[in-house]
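Asker: Listed here are the chains, written in short residue letters.
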Amino acid sequence: DAKTTQPPSMDCAEGRAANLPCNHSTISGNEYVYWYRQIHSQGPQYIIHGLKNNETNEMASLIITEDRKSSTLILPHATLRDTAVYYCIVRPTNTGNQFYFGTGTSLTVIP
Amino acid sequence: GAVVSQHPSWVICKSGTSVKIECRSLDFQATTMFWYRQFPKQSLMLMATSNEGSKATYEQGVEKDKFLINHASLTLSTLTVTSAHPEDSSFYICSARALLAGRKSSYNEQFFGPGTRLTVL
Chain A
1 DAKTTQPPSM DCAEGRAANL PCNHSTISGN EYVYWYRQIH SQGPQYIIHG LKNNETNEMA
61 SLIITEDRKS STLILPHATL RDTAVYYCIV RPTNTGNQFY FGTGTSLTVI P
Chain B
1001 GAVVSQHPSW VICKSGTSVK IECRSLDFQA TTMFWYRQFP KQSLMLMATS NEGSKATYEQ
1061 GVEKDKFLIN HASLTLSTLT VTSAHPEDSS FYICSARALL AGRKSSYNEQ FFGPGTRLTV
1121 L
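Read top to bottom, the protein sequences are chains A and B.
Counting with our numbering, you get residues 1 to 111 for the letters of the first sequence.
Counting with our numbering, you get residues 1001 to 1121 for the letters of the second sequence.
Just so you know, the hints here were simulated from the structure itself, not pulled from any lab data.
Ideal Cβ positions, reconstructed from N, Cα and C, are used throughout, including at glycine.
Mixed in with the good hints there might be a few duds.
What the hints assert, rightly or not - Below, a list of computed lysine to any residue pairs in the SDA-like style, where the Cα atoms sit at most 25 Å apart:
| no. | chain 1 | residue 1 | chain 2 | residue 2 |
| --- | --- | --- | --- | --- |
| 1 | B | Lys1020 | A | Gln98 |
| 2 | B | Lys1041 | A | Pro21 |
| 3 | B | Lys1041 | A | Thr5 |
| 4 | B | Lys1041 | A | Ile39 |
| 5 | B | Lys1041 | A | Asp11 |
| 6 | B | Lys1041 | A | Asn19 |
| 7 | A | Lys3 | B | Leu1046 |
| 8 | B | Lys1064 | A | Gln98 |
| 9 | B | Lys1041 | A | Ser9 |
| 10 | B | Lys1041 | A | Ile110 |
| 11 | A | Lys3 | B | Glu1109 |
| 12 | B | Lys1041 | A | Leu80 |
| 13 | A | Lys3 | B | Val1062 |
| 14 | A | Lys3 | B | Gln1038 |
| 15 | B | Lys1020 | A | Phe99 |
| 16 | B | Lys1041 | A | Met10 |
| 17 | B | Lys1041 | A | Asn23 |
| 18 | B | Lys1041 | A | Asp82 |
| 19 | B | Lys1020 | A | Gln45 |
| 20 | A | Lys3 | B | Ser1043 |
| 21 | A | Lys3 | B | Thr1049 |
| 22 | A | Lys3 | B | Met1045 |
| 23 | B | Lys1066 | A | Tyr100 |
| 24 | B | Lys1066 | B | Gln1006 |
| 25 | B | Lys1064 | A | Tyr100 |
| 26 | A | Lys3 | B | Gln1060 |
| 27 | B | Lys1041 | A | Thr79 |
| 28 | B | Lys1064 | A | Phe99 |
| 29 | B | Lys1041 | A | Pro7 |
| 30 | B | Lys1055 | A | Phe99 |
| 31 | B | Lys1041 | A | Ile48 |
| 32 | A | Lys3 | B | Arg1037 |
Unchecked claim - Covered stretches of chain A (chain B as the covering partner; in silico rule of three or more C-beta atoms under 8 Å from a C-beta of chain B):
| no. | segment |
| --- | --- |
| 33 | 41-52 |
| 34 | 97-105 |
Given the sequences, and given the hints that come with them, work out the whole structure.
Answerer: See the structure below:
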């Protein structure tokens, strides 16, 4: 079962930063936080993941709170192509790597 | 990056027939693949975990005799929907686990296929 809570939808102006929150208050010490996104009728695309420290890559930044009970995905300069459903997933490191998707956040980037 | 393909990308079949969907890891070997199902405007639901050379592990509520999974090689897993009915119409997505070299250490990662749209008439 999904262990995350996300707002169902968000809007963001093109060129501005998109900040997508995720609540994972029951996260365990050995669980990573993953972010994927799904553009309509396509397979999910990996964005970023982290355990404790903040992470950054060419797509986004991941900010994890000190208590690890929540995180924020930041798309620094949102474009129209970033319109998608964004999924925050917690996954243990010592299991079969199954992902249980929650309902995600539908992000709409507005021109 | 690791690429996963699915075939076919879409299929329409008559009720009562069986449909096979292929999932291939194109540039890496995957000992584990996963199958998901997604209904319109809903999230992905994990159906089963497919391990090369062994029986698949099905999630609770998924009928193993209806959704047959075969993982015969390190690059191919197949999902067969047997005796398909209109309620089986859905978007079926597979993923494959790859071992990648990270900045600090190697780690396992899942890469998803583009999905297969199944419509049962």
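Asker: Run every hint past the structure and note whether it holds.
Answerer: Do the hints match the structure? See the list:
1. B:Lys1020 with A:Gln98: holds, 23 Å
2. B:Lys1041 with A:Pro21: holds, 20 Å
3. B:Lys1041 with A:Thr5: holds, 17 Å
4. B:Lys1041 with A:Ile39: Holds, at about 12 Å.
5. B:Lys1041 with A:Asp11: holds, 18 Å
6. B:Lys1041 with A:Asn19: Holds: lysine 1041 of chain B and asparagine 19 of chain A sit about 22 Å apart, inside 25 Å.
7. A:Lys3 with B:Leu1046: holds, 14 Å
8. B:Lys1064 with A:Gln98: The hint holds at about 18 Å.
9. B:Lys1041 with A:Ser9: holds, 13 Å
10. B:Lys1041 with A:Ile110: holds, 21 Å
11. A:Lys3 with B:Glu1109: Status holds; Cα separation ~19 Å.
12. B:Lys1041 with A:Leu80: Distance ~20 Å between lysine 1041 of chain B and leucine 80 of chain A Cα, so the pair holds.
13. A:Lys3 with B:Val1062: The given pair, whose Cα atoms are some 21 Å apart, holds under the 25 Å limit.
14. A:Lys3 with B:Gln1038: holds, 18 Å
15. B:Lys1020 with A:Phe99: Cα-Cα ~23 Å, so holds.
16. B:Lys1041 with A:Met10: Holds, at about 16 Å.
17. B:Lys1041 with A:Asn23: holds, 21 Å
18. B:Lys1041 with A:Asp82: The hint holds at about 18 Å.
19. B:Lys1020 with A:Gln45: Holds. Lysine 1020 of chain B to glutamine 45 of chain A sits at ~24 Å (cutoff 25 Å).
20. A:Lys3 with B:Ser1043: Holds - the C-alpha atoms of serine 1043 of chain B and lysine 3 of chain A are around 14 Å apart, at most 25 Å.
21. A:Lys3 with B:Thr1049: Cα-Cα ~19 Å, so holds.
22. A:Lys3 with B:Met1045: holds, 14 Å
23. B:Lys1066 with A:Tyr100: Distance ~22 Å between lysine 1066 of chain B and tyrosine 100 of chain A Cα, so the pair holds.
24. B:Lys1066 with B:Gln1006: holds, 20 Å
25. B:Lys1064 with A:Tyr100: holds, 19 Å
26. A:Lys3 with B:Gln1060: holds, 17 Å
27. B:Lys1041 with A:Thr79: Since the Cα atoms of lysine 1041 of chain B and threonine 79 of chain A sit roughly 23 Å apart, the hinted pair holds (cutoff 25 Å).
28. B:Lys1064 with A:Phe99: Given that 25 Å is the threshold and the Cα spacing comes to 19 Å, the pair holds.
29. B:Lys1041 with A:Pro7: holds, 15 Å
30. B:Lys1055 with A:Phe99: holds, 19 Å
31. B:Lys1041 with A:Ile48: holds, 24 Å
32. A:Lys3 with B:Arg1037: holds, 19 Å
33. 41-52: holds (count 6)
34. 97-105: holds (count 8)
Violated hints: none; the structure is consistent with every hint.
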